[in-house]
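Sequences listed follow chains A and B, in order. For the first sequence, counting from 1, position 94 maps to 94 in my numbering; every step adds exactly one. For the second sequence, counting from 1, position 3 maps to 353 in my numbering; every step adds exactly one.
No false leads were slipped in.
Partial list, computed: chain A residues near chain B (C-beta under 7 Å): (1) Met1; (2) Ala2; (3) Arg3; (4) Val4; (5) Pro6; (6) Asn21; (7) Ala22; (8) Asn25; (9) Arg48.
Taking lysine-lysine and the BS3-like style, the derived pairs with C-alpha atoms no more than 25 Å apart in a straight line are: (10) B:Lys460 <-> B:Lys381; (11) A:Lys13 <-> B:Lys758; (12) B:Lys469 <-> B:Lys423; (13) A:Lys59 <-> B:Lys815; (14) A:Lys45 <-> B:Lys820; (15) A:Lys173 <-> B:Lys815.
Just so you know, these hints were derived from the structure itself, not from any lab. Where is the CB? At the ideal position from N, CA and C, for every residue including glycine.
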Amino acid sequence: MARVNPEFTDELKKYGAFDPNACYNCGNCTAVCTLSDEENSFPRKMVRYSVLGLDSEIKTSLDPWLCYYCGECSKTCPREADPGELMMSLRRWLIAKYDWTGLSGLLYKSLAASITAFVVLAGLVVWFGAYEHFHLETIMHYGHLFEMFAISIVFTFILLPNIIHMWWLSVYKTGKKAPISAYFKAIGELIVHMFTQKRALGCDDNQFRWFEHFILVLGYLSLLFTTVFLDWFSTQSMFIIVLGYIESAVIFVVTFDFVRRRIQKDQEISKHSQPSDWFFVIWLFLMGLTAFLVRLFIDTNLLDANVWMYIVQLTVLVQWAMIIVPFGKWTHFLYRSFAMYFHRIIELSE
Amino acid sequence: MKKKIGVYVCHCGGNISDYVDVERVRAAVEKEDGVFLAKTTMFACADSNQKEMVNDIKEMNLDGVVVASCSPKLHLLTFRAVSERAGLNKYNYVHANIREQVSWAHSDDKEGATQKAIKIVEAAIAKVRHAESLDPIKVKATNAVAVIGAGVAGMRAAIELAEAGSEVFLIEREFFVGGRVSQWDNLFVSEESGKELITRLYDEVMKHKHVTLLTGAEVVENSGSVGNFEVKVKITPRHFKLQCNPGELDKAIEVCPVEIPDEFNFNITKRKAIYHNYPSEYPQLPAIDMKNCTRCGECEKVCTAVDFSQKTEYRNIKVGSILLATGFDPYEPKKGEFGYGEIDNVVTLPQFKRIVHYSKDKLMYNGKEVKHIAYIYCVGSRQVDGENKYCSRYCCTATIHAAIDVKKKFKNVHNYHFNRGIRTYGKQEVLYDESSRLGDIYLQSFEHDPPIVEKVGNETIVKIKDILTKDQELDVAADIVVLVTGMTPRKDNSIGNLLKVPKGRDKFFNEIHMKLRPVETVIDGVTIAGASQGPKNIMESMNSALSAATKSFSLVASGELALEPTIAEVNEDTCEWCGKCDEACPYSAFEKIEKNGKFIAKVNPAICKGCGMCLPVCPANSLNLIGFTDEDVEDMIDALLPNT
Chain A
1 MARVNPEFTD
11 ELKKYGAFDP
21 NACYNCGNCT
31 AVCTLSDEEN
41 SFPRKMVRYS
51 VLGLDSEIKT
61 SLDPWLCYYC
71 GECSKTCPRE
81 ADPGELMMSL
91 RRWLIAKYDW
101 TGLSGLLYKS
111 LAASITAFVV
121 LAGLVVWFGA
131 YEHFHLETIM
141 HYGHLFEMFA
151 ISIVFTFILL
161 PNIIHMWWLS
171 VYKTGKKAPI
181 SAYFKAIGEL
191 IVHMFTQKRA
201 LGCDDNQFRW
211 FEHFILVLGY
221 LSLLFTTVFL
231 DWFSTQSMFI
241 IVLGYIESAV
251 IFVVTFDFVR
261 RRIQKDQEIS
271 KHSQPSDWFF
281 VIWLFLMGLT
291 AFLVRLFIDT
301 NLLDANVWMY
311 IVQLTVLVQW
321 AMIIVPFGKW
331 THFLYRSFAM
341 YFHRIIELSE
Chain B
351 MKKKIGVYVC
361 HCGGNISDYV
371 DVERVRAAVE
381 KEDGVFLAKT
391 TMFACADSNQ
401 KEMVNDIKEM
411 NLDGVVVASC
421 SPKLHLLTFR
431 AVSERAGLNK
441 YNYVHANIRE
451 QVSWAHSDDK
461 EGATQKAIKI
471 VEAAIAKVRH
481 AESLDPIKVK
491 ATNAVAVIGA
501 GVAGMRAAIE
511 LAEAGSEVFL
521 IEREFFVGGR
531 VSQWDNLFVS
541 EESGKELITR
551 LYDEVMKHKH
561 VTLLTGAEVV
571 ENSGSVGNFE
581 VKVKITPRHF
591 KLQCNPGELD
601 KAIEVCPVEI
611 PDEFNFNITK
621 RKAIYHNYPS
631 EYPQLPAIDM
641 KNCTRCGECE
651 KVCTAVDFSQ
661 KTEYRNIKVG
671 SILLATGFDP
681 YEPKKGEFGY
691 GEIDNVVTLP
701 QFKRIVHYSK
711 DKLMYNGKEV
721 KHIAYIYCVG
731 SRQVDGENKY
741 CSRYCCTATI
751 HAAIDVKKKF
761 KNVHNYHFNR
771 GIRTYGKQEV
781 LYDESSRLGD
791 IYLQSFEHDP
801 PIVEKVGNET
811 IVKIKDILTK
821 DQELDVAADI
831 VVLVTGMTPR
841 KDNSIGNLLK
851 VPKGRDKFFN
861 EIHMKLRPVE
871 TVIDGVTIAG
881 ASQGPKNIME
891 SMNSALSAAT
901 KSFSLVASGE
911 LALEPTIAEV
921 NEDTCEWCGK
931 CDEACPYSAF
941 EKIEKNGKFI
951 AKVNPAICKG
961 CGMCLPVCPA
971 NSLNLIGFTD
981 EDVEDMIDAL
991 LPNT
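Just chain A, with the same shape it has in the complex (with noise of 0.2 Å):
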């Protein structure tokens, strides 16, 4: 027996859900949705939850990870309810209820506090330049030790608790006995969804977007490593070095046609924008550009006259490292993989 909460609307509206209660509850959205089959009724059901109310239900699903926002729903809606939006907001919902430290839910309810974050962030990284007297070379090997262990604090102690929070939720708290081997047996479906969001080709007409972001992704995460791993600022090897112009440059270029999506509101996916939205693909086109011109300053011998340039880019990194990684967009990258992963584990236990 669940207990019907209406005032749960009101709050799933501060993540940005349209009006999941003008569902009148047709099923035109489910007849319309790919993902649906007999058995789950997408994203109806969802949508019906969220009216209701009955938020451990959605807790323990993995279903709004499912949903790759083809939009087909929000089009096909006749109350304009935009249940595709809904299955958004219900991610972000999602995110924030992993976040064990409560910050993922804050910033996205409070655009101050998220300001609030930058800000301070920016000022710390100047007030350290100005410690360190901006001097570049100890400035540069602090930011280099930054991305180092920023990666496995966040990764360590949100990131990895959050995940095995999301797990929790949605494979123990469920009921499902899965036996080890299922475990091993389903790493697969998280590598592949990981690195290759194989998923969203489901998706109808969603073949460039699908490919655009593949090569975002692949250009991020290499990135990461030619920066982290290789060092690419203070590589002295060719290779390296055009690598890293590469990949910066495919950062900015796909995030700019992301960006340019989202002002435009030509898609269903890009209709709707929350401010952690605008965030994430500002600063990853700020992270590509800003690490492609301070390579490029590098190697014009301008970056020793012009140490902001640097300073730019470190609080780029920073912000997106402390504030976008932990508790903003960035965490979906490892809920949608690992959706897929937990449910093909619960499809292996039944």
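Please arrange chain B on chain A, whose structure you already have, making use of the hints.
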């Protein structure tokens, strides 16, 4: 006996001729006595054939016509009209049904069907041989109408009739006009209150000098028939003089020691034996309810307008037609039905609306603030096991409208609608849209699995297996449970019994034909309007009131009525009044009169419907039905018997 009978056998496209050999039928009846002409036709009802029939009748001077085709319900009047256009009295036309009774019924036996069709046409020919020209019976009609019930429907009808030029007697049993609508606050879609609507109608009623409004009045006797009804009205006095000082009145109400549940507020409040419905009720004069008054005399001491000397009056009124607009009773849930009468915060929708009316800043019930409201739909309507199979039509809209009003009037209120499918038809659909966008929750179940209301500790829990959530069990802790009660027929059917107005399956007054004659009853001259006929919203009640007013007016307006001549007649020579015919007659058309030194039966031609119920019970065989005499019927039977 007819000598020149024309017979037309219809193919009805292939509806008849696919199974009945119409050519053989034609050939078989061609040789019958008196048949002058026998034809087959593809569609007898087609314009071309009608024209041909008119020519045949005129040119060949046919004196009787038979068409063998579909049911007389469909085309009897069509071919009667053909006869009339050809100058032949329409009672010389006889209809034979060889479609519904033959081809459709015996599609598996073509030979048998053809034989049966021949017999049926022969029987029709046997009848038409005896046919006589008949003229309608003319009856004088009084240009006055009694409208029973001064709710919205009755008042609207009264205004319409008065404007058309009839004398109107508007008879209301209560001391105040307005009926149920006066009890509602805001109404969809105009957002006027029920009281405002009543005020406007009442003002218009009072403007017409041809409307006589009688309150506290009940029809107790009725005689006569269409055109000339005589009704006796009992008028209970208000025990108040027309001039009444408001200050004195307030005191009189204050001192009255009798307190009874106030029906105007559906018993959620109490009133005194001296009462008025709301501060500006109509007529604006209070009344003393003598059923509950103890005659203590306290009010007389403080209010000079109180007058216990007023006596019950009787008035005889002559009218040509009676219009019934007696309304409905809200369904009263049984004790324990969804916790009604057992759990203290379970109320009906009418009660809830009065609770909302009396709540000011906060919605309060039983001293507690109400935040969560559960509405359970279709209580007393669409019953699976009970008698009320019908949908009460108004309730989905009324509930959603009330829910929206509550949400707008009070903060942080949550509405939960436990429904069986929402029927906010027509323009009312916008309400459903508005309410769901305001965040109202709709939960749905099938009729065999209704929601359950129970008390758990201090909470009232409503449980449902929600079919919109894959039968998931859900519950709501409700501060108040509102049973959305439907409309039921008036418990007191005295007026219906008096006028012998039949009731339909749902026990509301029954019309003759739901689509074609929606406001007439089988009692000539008695029309029905509003929710007395079945559940209606205000708009629908207005429509039916205007329609009934027009029908009643059309009966009385010309001062004369033309009635069907095919009625019973009494053989005065052989009749010795025994009263059997009077007992058998469903319409009370018989009268006992004295003639030539003996008592005999007399038929009132304005009441008799020609149903024939009296004929078989007459021991002296002194009754005959014009157009269906014993001779006619015996010859028809002879024709139908197998050839010997």
